[in-house]
Amino acid sequence: MLAAMSATLGPVEQAYLLEARQMQALSFAVHIPLVCFGIAFPAMVLRAEWLWMRTGDELYRVLAMRWTKVMVALFACGVVTGTILSFELGLLWPNFMGTFGAVFGLGFALEGFSFFIEAIFIGIYVYGWDRLSPRAHFACGIPIVVAGMTGSLFVLAVNSWMNDPGGFTMRDGVVTDIDPIEALFGNGHLAYELVHMYLAGFIVAGFLVAAAYAVGRLRGRWGRYERIALTIPLTVAALAAPAQLLVGDWAAREVAKTQPTKLAALEGVGHTERGAALHLGGWFEDGEVKGGIPIPKGLSLLAFHDPNAEVQGLDAVPEADRPPVNVVRISFQLMVSIGTFLAALSAWYLFTRVRRRRMPTSRWFYRLLVLAGPASVVALISGWVTTEVGRQPWVVYEVMRTTEAVTAAEGIPLGYATLATFYACLIVAIAWILRRLARAPLQAGAEPEPEHNAAAH
Amino acid sequence: MLGIDLYELPLFFALQGVALYAILAGADFGAGIWQLLSGRGERAKRIREHAHHSMAPVWEANHVWLIFVLVVVWTGYPIAFASMASTLAVALTAAGLGIILRGVAYALRSGSEGAREVRAVDTLTAVGSVLAPFALAACAGAIASQRVPVGNATGDLYSSWLNPTSLMAGVLALLSSAYLAAVYLAADARRAGDAEMTEAFRKRALLTGSLAGVAAVAGAIVVRSDARWIFDRLIDTPAVYSVGLSLLAGAATLLLVARRRLDAARVSSAIAVAAVVGGWALAQNPVLLPNLTVREAAAPDNVMLLLVISILAGGLILFPSLALLFRLVLRGSFSAETVVKRELPRGSSSTFDHDAKVAGPEGGLPRAVTSTRLAAACFAVGGAFLVIGDSAWPHAIGVALLAAFMFLGLSALATFDEDPGEDARE
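Protein sequence lines, in the order shown, are assigned to chains A and B.
Under this note's numbering, the first residue of the first sequence carries the number 1118, and numbering increases by one thereafter.
Under this note's numbering, the first residue of the second sequence carries the number 280, and numbering increases by one thereafter.
Please keep in mind that the hints were generated in silico from the structure rather than gathered at the bench.
Any given hint could turn out to be false.
[As the list claims (entries may be wrong)] Here are the simulated distance ranges between beta carbons:
(1) B:N570 x A:D1438: 35 to 43 angstroms
(2) B:F686 x A:I1410: 33 to 41 angstroms
(3) B:T433 x A:V1263: 39 to 47 angstroms
(4) B:L653 x A:H1422: 24 to 32 angstroms
(5) A:D1438 x B:A655: 38 to 46 angstroms
(6) B:D669 x A:R1480: 38 to 46 angstroms
(7) B:F686 x A:A1548: 29 to 37 angstroms
(8) A:G1528 x B:A323: 36 to 44 angstroms
[Claimed, not checked] To give an idea of the chain A side of the interface with chain B (calculated C-beta under 7 angstroms), a few residues:
(9) C1194
(10) L1227
(11) G1229
(12) F1230
(13) G1532
Note that CB positions come from ideal geometry on N, CA and C, so glycine has one too.
With these hints in hand, go ahead and build the complete structure from the sequences.
Right under this line is the structure:
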């Protein structure tokens, strides 16, 4: 049975482990921003459609229809990049899948159904414009939003299990006593990972869409359409960004509790100490942070709410069990600083809206907003680097090493290069299509069907 | 249930997924192949348009069947999945690249303008539509011809799927995809009242159907010499019934297409493809991979039970949704002719005034002020629960309050319709 797998697959020699990891990371880096649009964009499109239904104002309908085209193009790219990810789990990490597939696989099976529902209703929603009654059409959009949420839940259940593996027993390298429910939904990381990622979806999609209209405003395109098209995503992102700071704090404290080595890498704590300082910036070398700004006792206070709490250092585990500190730490600091910047920008926006009852008028606000779009993607990727590289050298925390999970097959560099080429083209293609869709004349947004633009020419 | 044990039930479902993928995604890939073979000129353009429009609403849903198969196999039969994925890495990479091309082409088409761009995008679709089914069928050939041993990439990375049986399977998959697509596109064209396209695809169906029949016979000869084990089992009971059913259904489809009974042909062509999958499964049973039976590969019973429950529960949501999608598509609700400018009950104008000072939705200022105050309160209290709380319950309350903050904030702020005069101050 499962013994056969562990016995047959055993440890492998793979000269290109790093390339395999990079290939996986590249695939995630391309897929995850698209996931953000899968999570958050349908809600924004529905918001616009809802406003149309409530006010009868044609502007909202045009907005919703134009966004639908963007949504479906990005969803198509998300479908294929997600398919690649599921292939790669087997292509690159067969021992991981073979050993633990029965433990966490159910999460993906459930996610598969979410994905199905999303794909079906996106099809109906896109082609149902002007063909279904407004009410029925709006209703067909709701399952897309719900499936986006359940999809994240099930995928993150698997990821949180990798960080906090439970629901099975390991006896002599053999997995027994499998309890998939306990494994997927009984671990302490799922709740914060889900909330953190779900908010990230709204932040990334919101700031990216808002950034596009901010560019337009800086170039003088600022009609009623543009104002509303900017306000919806910006409001969503501006509400999510401050909330994300609080959720991030919660996440860090959970990591402190259950993954002390990861926390030590995040903060560059070389030696176990009481009243550990928090360092801003700097570089980790010889067991300490050099060149950073220290905040005495800051780390103990933040992570454990006690200025004299003991923080476990990297020296608590053998060198072979430590993640690459600087990669993790710099990613973490990047995520936190961008997150703080986004929250500050959001506060500016919310304050102006609530107290002054207007949009910010400073050009600097819009310049920063343009920056916020790509910056939010950087924060997103850094966040995933933090948690994934921070878990290294384990693929399943303290159970299976990444070196034990990898494929024995040759040719990883070739596969990596091919995929990188394809993904470079994919990114260019996405940029091209988004520019194209943005360039289409406004009132033509009322045209019945995306493809008919093409057919008409 | 048909004498199926719990340990083989997920595989039974996965095989249905394989059959549905072969039929539905097969028809989608086949449409791509017809775009590739459309030639040039006005008629070619119409063929490409018809092939695209017919598949566009359903292609995403059709492709999810592949994901379904993968997740069921890796959860239920992890050893087998790991062995297959690692040995067949090259073929699966090729299939993955084909799938990327298909998806990207779909995304690009909505913004393409002019004949040249559309044609370029259709070529992408077509290349993907040849690569993906060929590579995936070659993988099936590799498994059927017992070339995927148990272990981490222990089989040959190339000869496992570049061998007579796999190549035969690949060619047959391309032909059957083209055949399926031609039947479906002919039926769709007739429903839309397009006589020219109906005839064009009817002829293509007759041609590829005959070719697929010839290829099946040739394939049998190839498999007999290359993979005697599976051949002998395919012509033995019970697999031979399924193989026979496939041949019958394939021939019946040709007859139905010839007699212009296109909707019946849709069904019989699907049966022909599904029966091939069924025959393969019956022939291999109970051997999943060399020296690995289905029972040996299966995850423990409690996992299988949960998996089966999940699949059945998922199916309860999935099938009504799929039925809705296909009913709309097959009824022709999504064709270009059915566009009606739907009016809201209260009526709306067909254009909007770009500079109008229209009020946002009713509700007005006082309500917005209350919501923002309430939102701020939710944020403060929720934040306190989240930051100070140290267990599940305070955190849950904190998250709920943050959700309320976002919801209230959104309803108060996202409908703001600014006075255009505001900008004059700048």
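Which of the listed hints are broken here?
No numbers; nothing is violated.
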